[in-house]
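There are 2 protein chains.
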Amino acid sequence: MNINSNYLNLQDSYLFSTIAKKVVEFTQKNPGKKLIKMGIGDVTLPLAPVVVDAIKKAADEMGVQSSFKGYGPEQGYAFLRDAIKKYYQRKDVQLESDEIFISDGAKSDLGNILDIFGLDNTVLIPDPVYPVYVDTNIMAGRKVLFIDANESNGFLPLPDETIKCDIIYICSPNNPTGAVYSKSDLKKWVDYALKNDAVILFDAAYECFIKSEELPNSIYEIDGAKDCAIEFCSFSKTAGFTGTRCGYTVVPKSLKRQDTMLNKLWLRRQTTKFNGVPYIVQRAAEAVFSQEGQIQIKNNLQYYSENAKIISDTMDKKGIWYTGGKHSPYIWLKCPNNMKSWEFFDFLLNNIAVVGTPGAGFGKNGEGYFRLTSFGNRENTLEAMNRFSSLF
Amino acid sequence: MNINSNYLNLQDSYLFSTIAKKVVEFTQKNPGKKLIKMGIGDVTLPLAPVVVDAIKKAADEMGVQSSFKGYGPEQGYAFLRDAIKKYYQRKDVQLESDEIFISDGAKSDLGNILDIFGLDNTVLIPDPVYPVYVDTNIMAGRKVLFIDANESNGFLPLPDETIKCDIIYICSPNNPTGAVYSKSDLKKWVDYALKNDAVILFDAAYECFIKSEELPNSIYEIDGAKDCAIEFCSFSKTAGFTGTRCGYTVVPKSLKRQDTMLNKLWLRRQTTKFNGVPYIVQRAAEAVFSQEGQIQIKNNLQYYSENAKIISDTMDKKGIWYTGGKHSPYIWLKCPNNMKSWEFFDFLLNNIAVVGTPGAGFGKNGEGYFRLTSFGNRENTLEAMNRFSSLF
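Taken in order, these protein sequences are the chains called A and B. Following my numbering, the numbering of the first sequence begins with 1 at its first residue and continues without gaps. Following my numbering, the numbering of the second sequence begins with 1001 at its first residue and continues without gaps.
Derived by calculation from the structure, the hints in this document are not laboratory data. Computed from a predicted structure; not experimentally measured. Be a bit skeptical, because a hint or two may be false.
[Said to hold, decoys possible] Distance condition first, Cα-Cα at most 25 angstroms in a straight line; then the derived SDA-like pairs of lysine to any residue:
id, chain 1, residue 1, chain 2, residue 2
1, A, K264, B, I1019
2, B, K1037, A, K33
3, B, K1264, A, L8
4, B, K1164, B, D1191
5, A, K33, B, S1066
This is chain A alone, in the form it adopts within the complex (with noise of 0.2 angstroms):
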């Protein structure tokens, strides 16, 4: 018996764990003052009230004989299928419904898909990154390339014609950057995929806090991108859905490698490994696509977005380097006075008692790095930013 050997290259992150250790510390030697968390990536506003009543109403229905759900299909049900079908209609993106799988979350599918691709693939990843994009690949041994994010492209990396790779990844808006990409540096990505016989895992995760018409919120708003991308969407950020569960992904039949279509083999290897999402989640995420459930997540997404312009009007009135906040809930900012990411993190906490996520965790990239999130609430953000404003 050998186990996955992989698993023993992968590197512990410390990141979030010596966060809270430093926290711990920090709140023992300072009992009496107040601390403004602002490092979380989670949402903190609850459950829009028309998610609420969708859920207590299907729950009633699986109390009944007559109405009772058991087994349903694997790759979601139709109702749902066809809301986000409809969803993609608004910026003209076409969609088949059996193009569209329901998922427990982005983060689950992305690591899945890699199921379908060999093991003898070169990935591409930008750095600083979502670490789930790294370890899931050194789980399955595959060779791994970074490209540089960084201030000089804004941390938007346009393709390198010299690097071979099959799998990209590109998260726009990104986390932990906040950075979009435009219709045109995206074209140059979907360009080199189908140049190179690549394909792109794009994850839309964070497409609700795009605020222009002109910034591309799926991938398929980039002619040729069906033959060259999957893409990855989640109710976490759209509707408060992290501790609710439910995401969905696209892979176009028209995607083909090897002559096999890749929306087959997902399928085949969902069918398998997986029974679908729970009916009263699915009625839940076909409730946001309602007219009352857009007018309700719709405020609480601006009420994220109003923290983050407090937090990047901040920055502008201090002339600090920022990407992100316009059309993101992450503000990443250079670290002021050239300091360190972990040394800003300590000088944040120490001076002002809040707190951030360095940088340096994301990758090499990230160093002398910051990320400010928007999820906190309103007057904690207020408070943190006049906070902040003293210092500088």
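Following the hints, position chain B against chain A.
Positioned in the frame of chain A, the structure of chain B alone reads:
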């Protein structure tokens, strides 16, 4: 770009699609006849009232900021893991909470667990079998050996000392045969696994149908099992959760291979590729273990068991050989008059309008056998068995 070419080695299963096609043809030719379906492996009774109430209460919590839950622990909330730990104690099995991982169902975990094992392991699977065991290993390119389950061993094969293998699948009570291992026979498998440095993947999804104190509900009732076995269980059949999705996997901390704790590898897998089960579903599962919940789900299980008895009594009366039915919702019968599985399927459909599942669909040793299930309603089960009795 290479796809995972192992997927091309998968055989398409035509079992349930062929059944569906034959049923449609029959219905079109015989519009007046009442068809009774006894092939389905899905529950039909609604969720218990305590479960419905728990979902609605949790939904209300999610709608209020102070009780809203975002990301939960990937391995499940303590309240549910502690309830499961307590459930195991009824049979004197002592687990620690961090040996229990909450999942969205046994099917997902039975597939995903393979992530932590090397690709060069040899897998031993009984035939006939739940097709997911075979397909998930073919997808990874592992070598699969089969061990014969048949009438002579009561569809409960014992280890063959001449066979070397690394991963062993055992499902007891079995799907599709309903046969249940005794403690002494299961001990032979545990001893064999320990001797061969193998790991047993024990599928206990049907344990709730066991009525005898003497039969093992969990492999951990067997000495030594914590050093060689991972156990998978589910609320699907226990509490009608096939459409609500919750299960659990036990990876004992004493289970090591190549000096590595499999518990630690599985935790790493789950924290990287999974984001936990919905809070509302975990509260629903917790309610199953309440005093009221246990009474309500036992009523449902009793209902199915009475159906199973109606079926097995009929087989007894007609002198038809079968396994299952007593500690299982499945009755696995030998087709009368030496009919083949599909021949018997057509015979039942055309003569008494009863639909079952041909055993041949579960592997070569299923040929000549047939599966009937007790998940239908009482009236239909009685009527089907009356019709059946008139035939033989």
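Taking the hints in turn, this is what the structure says about them:
no., hint, verdict
1, K264/A x I1019/B, "holds (22 angstroms)"
2, K1037/B x K33/A, "violated (67 angstroms)"
3, K1264/B x L8/A, "holds (11 angstroms)"
4, K1164/B x D1191/B, "holds (14 angstroms)"
5, K33/A x S1066/B, "holds (22 angstroms)"
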